[in-house]
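K.L.:
The task is simple: from the sequences and hints, build the whole structure.
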Amino acid sequence: MMDQTQRAPQTRVRERVVNFGRSTPLTGVLSYRSAATARRSPCVVILNAGVVRKSGPNNLNSFLARRFAENGYTAFRFDFAGVGDSPNRQDRLPLKEGVLQDITECLDVLEGLCGTREFVLLGLCSGADNGLRAARVEAGRVVGLVMLDPTVFRTKRWYLVKVWKRAASIDFWKSLVLLRHRWIGLMRDRVRGREPVACDLARLEEPELYTIGLQDRREISECLREVRERGVRLCFAFTGGWSEIYNYRTQLFHVYPELHLKEDAEVLFFPEASHTFMSDAHREALASALLRWLEGDHSQRLEPEVPPAIRAVSV
Amino acid sequence: MLPFFFGATGRELYGVYHPAVAVGHAGRGVVFCSPLAHEAIATQWAYRILGESLSRERIHCLRFDYRATGDSAGDSRETRISEHPRDIGTAIDELKAISGVDAVHLIGIRLGALFALDVARQRTDVQGVIAWEPIIDGTTYCNELIEATIGEHAGCRNVGGLPIADENLHQIRELSFECALNAVSCEVGVIASPHQPEFGRLGSLLDQDQLRCRFEVVQDALPWKADSEVGVAPLPAQATRVIKRWLTDLG
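Just so you know, the sequences run in chain order A and B. The first sequence begins at 1 in my numbering and counts up by one. The second sequence begins at 1 in my numbering and counts up by one.
No lab work stands behind these hints, which were simulated from the structure alone. Hints are not guaranteed to be accurate.
[Unchecked claim] Partial selection, computed: residues in chain B whose CB lies under 7 Å from chain A:
1) Met1
2) Phe4
3) Phe5
4) Gly7
5) Val16
6) Pro19
7) Gly70
8) Asp71
9) Ser76
10) Gly161
11) Leu162
12) Gln208
The beta-carbon is built from N, C-alpha and C at its ideal position, and this holds for glycine as well.
P.N.:
Structural data, given as structure tokens:
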């Protein structure tokens with residue numbers, strides 16, 4: 001866990017609103033370190049998690065952007081068209097293509113502002129899936145991809161771990177003994193001839209932005225292979241909030257055995273953390289781990305002082 | 001919709017200005033006052049839709065994040081609710097400067113309504129306050145926050161993923177809608193729904209004629225009630241219509 005005292009001494013982070021976009025006026029916040037020291041490449045671009053505004057669930061995106069900036073990395077969080085503070089699409093692109101268009105325009109504007117051609121895309125949940133699709137299109141500029149709780153698939157071992165964890169849980173045995181377990185309720189209903197309660201479909205409906213990512217295992221595998229071959233470094237993080245899909249550290253390697261991800265992908269596992277990193281300690285742990293990963297092989301590439309373009313963006 | 005930072009260096013507030021789309025209700029402006037940070041994530045969408053809608057009614061609007069919340073400067077752990085009224089004051093000055101209006105209305109959801117009333121008490125340029133699902137009793141709300149706590153660390157409680165300092169809880173405990181309302185001289189409108197936990201208490205205060213305000217009951221979903229962890233609430237269409245009517249009916 002990153003301790004407050006470990007932060008860089010000159011950590012004054014400055015932020016600027018950047019309004020951009022060719023067809024739709026998009027909005028984002030650029031975080032950078034004001035000290036006259038060298039900035040580090042790449043620039044980190046943080047994508048919307050579902051339909052939550054750019055500051056992120058529990059302000060996760062603002063928090064990460066500022067941690068990156070404190071450590072010399074310029075970070076940018078922005079809203080896709082129709083999300084947060086960006087207006088609805090003004091072109092006729094379908095949402096799936098529109099999101100890619102927004103990311104391309106974002107990288108274009110950042111290239112001009114920050115003078116870098118190297119970017120890391122970071123996203124949580126559907127943001128991770130959108131990041132993967134964008135990395136495929138933008139592999140020339142995207143050098144890294146951080147996927148927090150992306151779409152993933154169960155394995156045989158997932159079921160074993162689930163059963164094992166349940167069997168080891170005192171609550172499970174207590175509910176069985178006290179006849180309060182869901183299974184007992186279902187059996188009781190069957191004996192009494194009651195119909196099981198219908199699933200509330202309205203509750204299952206999700207905004208379209210959640211489901212435009214890649215859903216098929218083979219397609220995701222192909223996409224991961226392609227971006228990796230084009231030099232995109234991969235970092236995955238899974239939380240306990242995703243345990244209904246992902247419940248042991250190395251599951252990813254078993255989901256995509258053909259990719260041999262173990263060789264170079266970073267897999268972080270936070271079994272105690274919620275899906276949106278609700279606890280301060282988990283947020284700090286995530287930031288520290290991502291900074292370590294960022295420093296992995298980019299730390300040697302230093303860029304000049306804050307370029308004049310950034311100063312001029314203040315609205 | 002124009003997002004920008006305003007306020008003093010080091011204390012920059014993130015705001016979004018919705019300029020009036022045509023000249024009309026001359027001199028009319030609205031500043032939106034958010035509730036506590038964990039509820040504000042859900043209200044952002046309702047405020048955005050309302051801001052867009054009011055700007056089409058030729059009303060200038062400014063919504064913003066308090067210091068140390070959302071996209072405004074400062075770490076979440078630095079959030080101090082005693083500073084929120086000051087931030088509202090800064091936002092009022094900003095809206096007046098950029099739009100040319102000389103007085104404003106404040107719209108506040110939940111605790112934001114009480115902050116708005118506090119500001120209205122102190123300033124002469126607040127024409128009216130709309131209190132949307134206001135917190136009625138600080139002690140009851142404080143107890144709700146304590147019950148919803150998912151962790152504690154260094155004098156802060158984690159409620160809904162965001163820290164609330166114990167110092168803030170003490171201040172919340174002292175708040176009362178009735179007292180705040182009776183301390184202001186401007187016009188106040190209250191919007192509440194029967195789904196609100198304190199609806200009964202509000203109703204009994206109104207029955208006893210203890211509150212001097214306009215009142216409207218709506219059946220809308222609660223704009224501050226996040227839908228699970230993702231933090232986005234449904235759109236409160238009926239309340240939006242009421243607010244629009246109240247603001248455009250004014251002389």
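K.L.:
Next step is simple, just say for each hint if it's right about the structure.
P.N.:
A quick look at each hint next to the structure:
Interface restraint check for Met1 (chain B): the shortest CB-CB distance to chain A comes to about 6 Å, inside 7 Å, so the restraint holds. Annotation: interface hint on Phe4 (chain B) holds; nearest CB of chain A at approximately 4 Å, less than 7 Å. Of the supplied interface hints, the one on Phe5 (chain B) holds, with its beta-carbon coming within about 6 Å of a beta-carbon of chain A, less than 7 Å. For the restraint placing Gly7 (chain B) at the interface with chain A, the shortest Cβ-Cβ distance is roughly 12 Å, beyond the 7 Å limit, so the hint is violated.
At about 5 Å, the closest approach between the beta carbon of Val16 (chain B) and any beta carbon in chain A falls short of 7 Å, and the interface hint on this residue holds. About 13 Å separates the beta-carbon of Pro19 (chain B) from the nearest beta-carbon of chain A, more than 7 Å, and the hint is not met. For Gly70 (chain B), the shortest C-beta to C-beta distance to chain A is roughly 5 Å, which falls under 7 Å, so the interface hint holds. A distance limit of 7 Å between C-beta atoms decides the matter here; for Asp71 (chain B) the minimum to chain A is near 5 Å, and the interface restraint holds.
A cut of 7 Å between beta carbons decides the hint on Ser76 (chain B): the least distance to chain A is about 6 Å, and the hint holds. Interface restraint check for Gly161 (chain B): the shortest CB-CB distance to chain A comes to about 3 Å, inside 7 Å, so the restraint holds. Because the beta carbon of Leu162 (chain B) sits about 6 Å from the nearest beta carbon in chain A, less than 7 Å, this interface hint is met. The closest approach between the C-beta of Gln208 (chain B) and any C-beta of chain A is roughly 39 Å, which is over the 7 Å cut-off, so the hint fails.
Violated hints for the displayed structure, listed by number in ascending order: 4, 6, 12.
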